[in-house]
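Those sequence lines, one after another, are chains A and B. Residue numbers for the first sequence follow our numbering, beginning at 1 and rising by one. Residue numbers for the second sequence follow our numbering, beginning at 1 and rising by one.
It is possible that part of the hints are untrue.
As the list claims (entries may be wrong) - When the alpha-carbon atoms are kept at most 30 Å apart in a straight line, the in silico BS3-like pairs for lysine-lysine are as follows:
(1) LYS136(A) <-> LYS298(B)
(2) LYS105(A) <-> LYS167(A)
(3) LYS105(A) <-> LYS395(B)
(4) LYS154(A) <-> LYS395(B)
(5) LYS193(B) <-> LYS154(A)
(6) LYS16(B) <-> LYS105(A)
(7) LYS184(A) <-> LYS154(A)
(8) LYS380(B) <-> LYS154(A)
(9) LYS45(A) <-> LYS113(B)
(10) LYS37(B) <-> LYS16(B)
(11) LYS197(B) <-> LYS380(B)
(12) LYS37(A) <-> LYS298(B)
(13) LYS395(B) <-> LYS136(A)
(14) LYS167(A) <-> LYS184(A)
Stated by the list, open to error - Listed next, with one range per pair, are the computed distances between beta-carbon atoms:
(15) PRO80(A) <-> GLY140(B): 45 to 51 Å
(16) LEU149(A) <-> SER415(B): 35 to 41 Å
(17) PRO152(A) <-> PRO111(B): 31 to 37 Å
To be verified - Looking from chain A toward chain B, a few residues come up when the C-beta cut is under 8 Å (computed):
(18) PRO44
(19) ILE52
(20) ILE53
(21) THR54
(22) SER57
(23) PRO64
(24) ASN97
(25) GLN101
(26) ARG103
(27) VAL286
Hints listed in this document are in silico derivations from the structure and should not be mistaken for laboratory results. Predicted, not measured: the structure shown is a model, and the values here were computed from it. We treat Cβ as the ideally placed atom computed from N, Cα and C, and that holds for glycine.
Here is what each chain is made of, one letter per residue.
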Amino acid sequence: MSETAQAPEKAEPKSAKNGPAPVNKASGPHVVYLRRKPIGGHLPKEVQAEAIITLGSIFEFNQPLRGLNDEAEERELLPPLMSVGIQDPHWGTHVRNFWAQMRIKVGFTGKPLEIGLDENGKPLNLMDYVQYRFAKRHRLVAETEAEMLNSPIKRFYIMDPAKETLKENVNVQLGKRADREFIKLSEDPERMRDVLQVLSPMIRTMSLQPSEVENALFKLKSTEARKFITAIEDKTLSIRADLYRFISAGVVLKVGTSYSFHSDTIGNSEEETLIWMQNPRNAASVNAMRNLYRDALR
Amino acid sequence: MPFESPVGGTNISVQKVLYNDTAMTDMNSLSNAMLSKPSQLSPLITFLAGRDDRRFPLSFLSEGLNNVESIDNLEYEYRIQTRKLQTRPLHSTNSNSNLGLGNSEFELVFPDKWFIFPYVLVNGEGEQVRIMAQPEAAPGNNGYIYRVRLVNPSPTAVLTTGFTAGDLWASLFAPVGVDGSRGNAANWQTPGKVRNKLTTVRMSYHMSGNAKDYAMEFTLPVKGGFTKKWMEYEEYQHMLSFKEQCELYYWYGQRTYGVDGIVPMLDENGQPVVIGPGLLEQITNQETYSVMTETQLKNIIGDLFYGMTDASQKNITLYTGTGGAREFDEALKNHFGSTVNSWKSSGETRFINGSGRSLGFTGYFKSYEHIDGHTVNVVKVPLFDQGALAAARDKHPVTGYSLESYRMVFVDQSSYDGMNNLRLINKAGREHMRWCVAGSVVPRGFESTSARASDVDGASVHMLKTAGISLMRFDTSLDIQCIRS
Numbered sequence: 001m002s003e004t005a006q007a008p009e010k011a012e013p014k015s016a017k018n019g020p021a022p023v024n025k026a027s028g029p030h031v032v033y034l035r036r037k038p039i040g041g042h043l044p045k046e047v048q049a050e051a052i053i054t055l056g057s058i059f060e061f062n063q064p065l066r067g068l069n070d071e072a073e074e075r076e077l078l079p080p081l082m083s084v085g086i087q088d089p090h091w092g093t094h095v096r097n098f099w100a101q102m103r104i105k106v107g108f109t110g111k112p113l114e115i116g117l118d119e120n121g122k123p124l125n126l127m128d129y130v131q132y133r134f135a136k137r138h139r140l141v142a143e144t145e146a147e148m149l150n151s152p153i154k155r156f157y158i159m160d161p162a163k164e165t166l167k168e169n170v171n172v173q174l175g176k177r178a179d180r181e182f183i184k185l186s187e188d189p190e191r192m193r194d195v196l197q198v199l200s201p202m203i204r205t206m207s208l209q210p211s212e213v214e215n216a217l218f219k220l221k222s223t224e225a226r227k228f229i230t231a232i233e234d235k236t237l238s239i240r241a242d243l244y245r246f247i248s249a250g251v252v253l254k255v256g257t258s259y260s261f262h263s264d265t266i267g268n269s270e271e272e273t274l275i276w277m278q279n280p281r282n283a284a285s286v287n288a289m290r291n292l293y294r295d296a297l298r
Numbered sequence: 001m002p003f004e005s006p007v008g009g010t011n012i013s014v015q016k017v018l019y020n021d022t023a024m025t026d027m028n029s030l031s032n033a034m035l036s037k038p039s040q041l042s043p044l045i046t047f048l049a050g051r052d053d054r055r056f057p058l059s060f061l062s063e064g065l066n067n068v069e070s071i072d073n074l075e076y077e078y079r080i081q082t083r084k085l086q087t088r089p090l091h092s093t094n095s096n097s098n099l100g101l102g103n104s105e106f107e108l109v110f111p112d113k114w115f116i117f118p119y120v121l122v123n124g125e126g127e128q129v130r131i132m133a134q135p136e137a138a139p140g141n142n143g144y145i146y147r148v149r150l151v152n153p154s155p156t157a158v159l160t161t162g163f164t165a166g167d168l169w170a171s172l173f174a175p176v177g178v179d180g181s182r183g184n185a186a187n188w189q190t191p192g193k194v195r196n197k198l199t200t201v202r203m204s205y206h207m208s209g210n211a212k213d214y215a216m217e218f219t220l221p222v223k224g225g226f227t228k229k230w231m232e233y234e235e236y237q238h239m240l241s242f243k244e245q246c247e248l249y250y251w252y253g254q255r256t257y258g259v260d261g262i263v264p265m266l267d268e269n270g271q272p273v274v275i276g277p278g279l280l281e282q283i284t285n286q287e288t289y290s291v292m293t294e295t296q297l298k299n300i301i302g303d304l305f306y307g308m309t310d311a312s313q314k315n316i317t318l319y320t321g322t323g324g325a326r327e328f329d330e331a332l333k334n335h336f337g338s339t340v341n342s343w344k345s346s347g348e349t350r351f352i353n354g355s356g357r358s359l360g361f362t363g364y365f366k367s368y369e370h371i372d373g374h375t376v377n378v379v380k381v382p383l384f385d386q387g388a389l390a391a392a393r394d395k396h397p398v399t400g401y402s403l404e405s406y407r408m409v410f411v412d413q414s415s416y417d418g419m420n421n422l423r424l425i426n427k428a429g430r431e432h433m434r435w436c437v438a439g440s441v442v443p444r445g446f447e448s449t450s451a452r453a454s455d456v457d458g459a460s461v462h463m464l465k466t467a468g469i470s471l472m473r474f475d476t477s478l479d480i481q482c483i484r485s
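So here's chain A without its partners, still in its complex pose (with noise of 0.2 Å):
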């Protein structure tokens, strides 16, 4: 029997030859968790709980799956993970069931991976990193919750607290600015009716009391700030929000993605419509929609 390898002094994880290496080279702790899709809503919450679900080797290939590079990578940080050296003359077969017994168990709250590096570019935890770098590569693993929510293949998905924080400080920051444009908007009531009429087509906001525009606007500003904001930086939103006032009143009619108005096709898709509202040429036939409006109103 080959006694075990010892790891090269420089076990800093190479760059991926199939891909950049998928781990940040800053050193210092860094858990991640391999989290798992909800079994289902119709089993008591103990039985989802205490299931067993357990990311575990597929083939690629005619192989099993491996989540390192290259051999290269392999004989620098597989050695210290297994009862053989690389002198083994083995080896090889050593490694391809390594790969092919891998079972990562992901309970109910996730499975934490520390991935983080020391300051000598070495894995802090080497079974957690190889798991990670396994993870990364399988088939089952999304990218995010919401990949693999939406996907019937996905069972897993890896979530990293430190870009969580990140979005969830760019939804902090969005926010912020959703609140500075609200304080603006609020001194000018007529361009508050255009963007709830642009972010609420259906409604008939000239209907409604300066109030309840104001209302449903901070509403909608807390909750879909991004869209909010869309619709304050719309260079058309007075003429948007008059052509979605068109259409809720019937004076234009809206038939799959063509736009018309007395039986006259006015645009093929909302934008084309809107540079039709806005040349100076048929200023008349636009007077002419705001008539028929306000008619519709009484």
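Using the hints, position chain B against chain A.
Using the frame of chain A, we list chain B on its own:
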């Protein structure tokens, strides 16, 4: 005439015979017997047909072995026991220093009142404390305060770990004073409840009325002997196909109702199309594999039952296809050496039969006794090789078989509280309904009059079954799929 249970019957059989119109009358046709004794005959027929034809092993090992129940409703509800929880995490951190110093009492806060006064608790480092008083609710609905004291009698001993929120504690036993102690209590973990619906599956076939030469003769057990019933050969073949379709449902059925039990799928008559969960949907434990090894088998089985107080010597059936059966065999053979075929040179003679120039290769592993006492028996499921899903799935990168053929479904078929873990639930009276719509001809075995229900030159026979497969324990079975990236 009451029919006996099929299990273990040696006299019972089914065989293909030439049709004989003097011996095979309407009186002893299986069709008529089915009308009056469906609940007794359905398991018998499944047993005999399953022994004769291997297409529906799940039906055979549940209904065929009398692990069956007929109920009056279209829904069934049962309680499921899960692993008894032994531990509780600490609800909040006790940040005081020198906890327990000088044999003093201190507080630990747990999320509930699971631990009982005056049990001894132990933490992950083996440090023991005794609960000194009944727990009290912490202010603000923040768990329960337990006053505890270190078991270690040293006045300098302190608690070194287990005081941080999330640290696990477990209870050991309840030591009491030498005299005058009062009784304590025991925890009872109530089982969860699951409700499922039965599914109605049916199949029809038409026959032209050409004379048939063969029949299937069933020798069935009755009290004090046996009786013979017969069924037309063609109908028998259709019945096997119907049983195969039922088997497909028992495996792959996917619920059409949600948590609220409402079925949004309606048929052309506005009736709900109810599909209950198949076996695969009931198994919560899931895994994947590429190449099976003995180590994996050992770990997989061990994981299923590790730490389960009522798990000793379980009978596990491994349902798999041809590919999975080969993987199972090779996993155990490869266990005897890392080099290819090294198991052959171990002096083992059970893999070679014959002598001289006439040698044969034999010996394939079909069962596995786990070190913990559990037994795994391999049962091949033809549906995993030739079924609808098998045809649709990706192919294995080495053999080219369907990956479904490599699916391994470990099903715990032990008994719990005297009841088999895997059971078939039938709707009473609809265990195996069959009837004919006679046209120009009446299928043999059905009563014949001159008045017919159809103007068709021929006849049709219809079969219907309302049933569901039921796994009593969810946490002791496992579905392992072979997947390629």
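Status of the hints after comparison with the structure:
1. LYS136(A) <-> LYS298(B): holds, 26 Å
2. LYS105(A) <-> LYS167(A): This hinted pair holds, its Cα atoms lying about 27 Å apart.
3. LYS105(A) <-> LYS395(B): holds, 26 Å
4. LYS154(A) <-> LYS395(B): holds, 19 Å
5. LYS193(B) <-> LYS154(A): holds, 29 Å
6. LYS16(B) <-> LYS105(A): The given pair, whose Cα atoms are some 51 Å apart, is violated under the 30 Å limit.
7. LYS184(A) <-> LYS154(A): Roughly 45 Å separates the two Cα atoms, so the pair is violated.
8. LYS380(B) <-> LYS154(A): Judged against 30 Å, a Cα distance of about 28 Å means the pair holds.
9. LYS45(A) <-> LYS113(B): Holds: LYS45(A) and LYS113(B) sit about 19 Å apart, inside 30 Å.
10. LYS37(B) <-> LYS16(B): Holds, at roughly 23 Å.
11. LYS197(B) <-> LYS380(B): Holds. LYS197(B) to LYS380(B) sits at ~28 Å (cutoff 30 Å).
12. LYS37(A) <-> LYS298(B): holds, 26 Å
13. LYS395(B) <-> LYS136(A): Distance ~24 Å between LYS395(B) and LYS136(A) Cα, so the pair holds.
14. LYS167(A) <-> LYS184(A): holds, 26 Å
15. PRO80(A) <-> GLY140(B): 45 to 51 Å: With a Cβ separation near 48 Å, PRO80(A) and GLY140(B) satisfy 45 to 51 Å, so the hint holds.
16. LEU149(A) <-> SER415(B): 35 to 41 Å: holds, 38 Å
17. PRO152(A) <-> PRO111(B): 31 to 37 Å: For PRO111(B) against PRO152(A), whose Cβ atoms are near 36 Å apart, the range 31 to 37 Å holds.
18. PRO44: holds, 3 Å
19. ILE52: holds, 4 Å
20. ILE53: holds, 5 Å
21. THR54: holds, 4 Å
22. SER57: Cβ of SER57(A) sits 4 Å from chain B, so the hint holds.
23. PRO64: holds, 4 Å
24. ASN97: ASN97(A) check passes; min Cβ-Cβ to chain B is 6 Å, inside 8 Å.
25. GLN101: holds, 5 Å
26. ARG103: holds, 7 Å
27. VAL286: The hint is violated - VAL286(A) has no Cβ within 8 Å of chain B, the shortest such distance being about 45 Å.
Checked against the numbered hints above, the structure breaks hints 6, 7 and 27 and satisfies the rest.
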